[in-house]
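Undergrad: In order, the protein sequences belong to chains Y and C.
By this note's numbering, the letter at position 326 of the first sequence is numbered 326, and the numbering carries on one by one without gaps.
By this note's numbering, the letter at position 27 of the second sequence is numbered 27, and the numbering carries on one by one without gaps.
Honestly, the hints are just simulated from the structure, not real lab data.
Backbone N, C-alpha and C fix where the C-beta goes; we use that ideal spot for every residue, glycine too.
Take these hints with a grain of salt, some might be off.
Stated by the list, open to error - With the Cβ distance kept under 7 Å, some of the chain C side facing chain Y (calculated, not the full set):
#1 32
#2 52
#3 53
#4 54
#5 147
#6 294
#7 301
#8 303
#9 307
#10 309
#11 310
#12 323
#13 329
#14 330
Said to hold, decoys possible - Some residues of chain C that are not near chain Y, with every Cβ distance over 10 Å (derived):
#15 13
#16 70
#17 226
#18 243
Protein chains: 2
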Amino acid sequence: MSDVLRLGIAGLGTVGVGVIRIIQNQAERLEMRTGKKIVVTAVSARSKAKDRGVDLSSYAWEDDPVELAKRDDVDLFVELMGGSEGAAKEAIEAAIATGKDVVTANKALLAIHGQAIAEAAEDAGICVRYEAAVAGGIPVIKSLLEGLAGNAISRVMGVMNGTCNYILTRMESAGLPYDVVFEEANQLGYLEADPNLDVGGIDAGHKLAILAAIAFGTQVDFDNVELEGIGSITIDDIHQAADMGYKIKLLGVAQMTGRGLEQRMSPCLVPDTSPLGQLQGGTNMVVLEGDSVGQIVLRGAGAGEGPTASAVMGDVCDLARGVRIATFGQPARTLRKAASARAAVSAPYYLRLQLQDKPGALAKVARALGDNGVSIDRMRQYGQQDLTALVLIVTHKTTQTALDQALEACMETGVVSGTPLALRIESV
Amino acid sequence: MSDVLRLGIAGLGTVGVGVIRIIQNQAERLEMRTGKKIVVTAVSARSKAKDRGVDLSSYAWEDDPVELAKRDDVDLFVELMGGSEGAAKEAIEAAIATGKDVVTANKALLAIHGQAIAEAAEDAGICVRYEAAVAGGIPVIKSLLEGLAGNAISRVMGVMNGTCNYILTRMESAGLPYDVVFEEANQLGYLEADPNLDVGGIDAGHKLAILAAIAFGTQVDFDNVELEGIGSITIDDIHQAADMGYKIKLLGVAQMTGRGLEQRMSPCLVPDTSPLGQLQGGTNMVVLEGDSVGQIVLRGAGAGEGPTASAVMGDVCDLARGVRIATFGQPARTLRKAASARAAVSAPYYLRLQLQDKPGALAKVARALGDNGVSIDRMRQYGQQDLTALVLIVTHKTTQTALDQALEACMETGVVSGTPLALRIESV
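Here chain Y stands alone, though its shape is the one from the complex (with noise of 0.2 Å):
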């Protein structure tokens, strides 16, 4: 074994930028630590010219990352290029092809395709590694699959898309309705190039996907997860969920039930005196359920140049120290694919509908309802707005089947008007 690690980091963006920083700064301490000498040989993006303000110089440059990939002089591929298709993921392949490991931030890519990576990497006897996918600098993926490696994971939850729990929190303490945060958001370059990345939950929902891959032995599978943004989420839903003791999340929740792999990306009123409620701004925190440990709450920040290349070396020092994993956490044609079950797990939900001003309204909503299993924990009537009055209910646990019954059978009533708003209400 040699004594240097020769990197090769294609992307540099405000990650690979971060990582260069840490490789420059604490060479000494990298060395002292992984045995290692870790060096950068050779750099790829898409602008040569560009000033990035760190010192590339001593760096090859190439512009195609696959050939950067294939280099002799590169022992360890990073990719911070992102998207789940095209050069991120020819180069990773052509990495693996040519015998090198790799680390990669790229959550789309492994959501999309992390069962055909594992198994070509495992094949090749090649470690990917990822922690920088999920939750940024929080370790949470080497929690997971290391730290709790002795346990049965029963559930896994997360906030996991900081722009979204900033929207939330904001139109909470400021009082500001949904699409005047949404903007803000915008000016402060919190939101993604597609915005609905993030407040479409599909960002968060590929994080989970790979949580859940390893949490449970499965193939991951993004496709199955239950997706649902925030864009519907009103001023008065906060306030009210705030009355009632709760706050409105984009939560990630992956369990196994007795009827397969549940996986939800989606808001989700959680105790305002638990963690995860009380977590404010642009910061994650993942859950993590298991039989012998219990819960273990991981909280910090999500993203970010120093952050996520935080994350990114400490998967690099552990190929420098020569640590070797299966990618999920066990070999890659061992993970099963589970079946899906959506919504097998009951609970309460909070109900938003808008009544029109007729004779009997509410009672008619209250018996379909309770005509199909649902019932009425408590219920709210504001005066009327626009000819229409908001309710607001809490039911009792149900099934996501029943409630879509139920609503169903609400909306033929003909007394309420657009469409009604469910959110669990998730125990945590």
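Starting from the structure of chain Y, add chain C where the hints point.
TA: Same frame as chain Y, but now just chain C:
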């Protein structure tokens, strides 16, 4: 390499039994995840006859843990006896001498003999792992040693003794004095045989010393942990702190300062909205701060069969997977002897004094503080009881040295009864 990893377990208390339960119940999962069949070949404990609720019949029995550690049919020695001297230490030394890796939950041993053990282990090519020694089920050693390996760590903090946190939060919630809650905790079996290990901060101090060694690349140095227990905290202090927006926690803080390594385990005030401030009951919390990652907060059960056994098994799985990392994250002989800096970092303080009913008493105390450079941010004087008046003061930032001098000057005024209490207000 064999496809079987053979464990010898010394110590069959709560944790040892928990480890055996996991190995028996999760055999298939453990083999899937590690690629090794993890089996127990021999065990050792004080009483062979005792019914521990697990089937030990297929394991060899050793009365002497040293003999267990030396057995040829043991690959990995698991030390769960505890105690910094005697059998635990001798058995670990025997394991190292006969070429076995070691997993231990023994914080006292590592805090006091960690450097010698690490050196002996590394000279022999042996790994010593100890996730269970700090904060129970929380993978804090792994996070710090591996996940944050790319960071220069600036500060490590934590509430790492669940019993103390139970006592402090129970005093507040029930409005009960220390002595009553201490006795409650005793009845509930929460206290060590020597309660001073808990309420004197010794147990938590051991844990802090271990974390500091990893964080700062220094030789573990428990002797220089400033220890202060929770015995002098009154319900008045807790209420007064609450009024000002703080909670009182037995908080460990380790940080590298310009003058050396500062390690403190003492009751501190922390903001009640911070994760540390919100921590209730027997739960543990560790805060890790690094130059890249920012602040990471880890929360979970700090004790108990399941959580501690989970941590032990995380280490066992790592070794089964071939993960081999230096005990404190870098070669033991490169760990520096850090200068010890007591209270090098200035902070605001909370002071409690009993003033005698003499004219100008308050003015005398205020002048004694001011003359020694300690300026007052807030002060509150309460009505007389037993001819003394309670005075509570929050100072501006000051050093421990200035404060000690100022308190001495206060005593010299002759108007102070009893011993003043000074608690640091920690910025978290």
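Undergrad: So, for every hint listed, does it hold in this structure?
TA: Hints, verified against the model:
1. About 5 Å separates the beta-carbon of residue 32/C from the nearest beta-carbon of chain Y, less than 7 Å, and the hint is met.
2. A distance limit of 7 Å between C-beta atoms decides the matter here; for residue 52/C the minimum to chain Y is near 17 Å, and the interface restraint is violated.
3. Taken as an interface hint, residue 53/C does not check out: its beta carbon lies about 16 Å from the nearest beta carbon of chain Y, beyond 7 Å.
4. Of the supplied interface hints, the one on residue 54/C is violated, with its beta-carbon coming no nearer than about 14 Å to a beta-carbon of chain Y, more than 7 Å.
5. Contact between residue 147/C and chain Y, as hinted, is supported at the beta carbon level, the nearest pair being about 3 Å apart and thus within 7 Å.
6. Below 7 Å, beta-carbon pairs count as interface contacts, and residue 294/C has one with chain Y at about 5 Å; its hint therefore holds.
7. For residue 301/C, the interface hint holds, since its Cβ comes within 7 Å of a Cβ in chain Y; the closest pair sits about 5 Å apart.
8. The closest approach between the C-beta of residue 303/C and any C-beta of chain Y is roughly 11 Å, which is over the 7 Å cut-off, so the hint fails.
9. Hint status for residue 307/C: holds, given a least beta-carbon distance of 5 Å to chain Y, under 7 Å.
10. Because the closest C-beta pair between residue 309/C and chain Y is about 6 Å apart, less than 7 Å, the hint holds.
11. Hint status for residue 310/C: holds, given a least beta-carbon distance of 4 Å to chain Y, under 7 Å.
12. The restraint placing residue 323/C at the interface with chain Y holds, with a minimum CB-CB distance near 5 Å, inside the 7 Å limit.
13. Hint status for residue 329/C relative to chain Y: holds, with the closest Cβ pair at about 6 Å, below 7 Å.
14. Look at residue 330/C: its Cβ gets to within about 5 Å of chain Y, closer than 7 Å, so that hint holds up.
15. For residue 13/C, the shortest C-beta to C-beta distance to chain Y comes to about 16 Å, beyond the 10 Å cut-off, and the non-interface label holds.
16. Look at residue 70/C: its CB is around 26 Å from the nearest CB on chain Y, clear of 10 Å, so calling it non-interface holds up.
17. The beta carbon of residue 226/C is kept farther than 10 Å from every beta carbon of chain Y, the shortest such distance being approximately 27 Å.
18. With a least beta-carbon separation of about 20 Å from chain Y, residue 243/C lies farther than 10 Å from that chain, consistent with its non-interface assignment.
Hint compliance for this structure: hints 2, 3, 4 and 8 are not met, and every other hint is.
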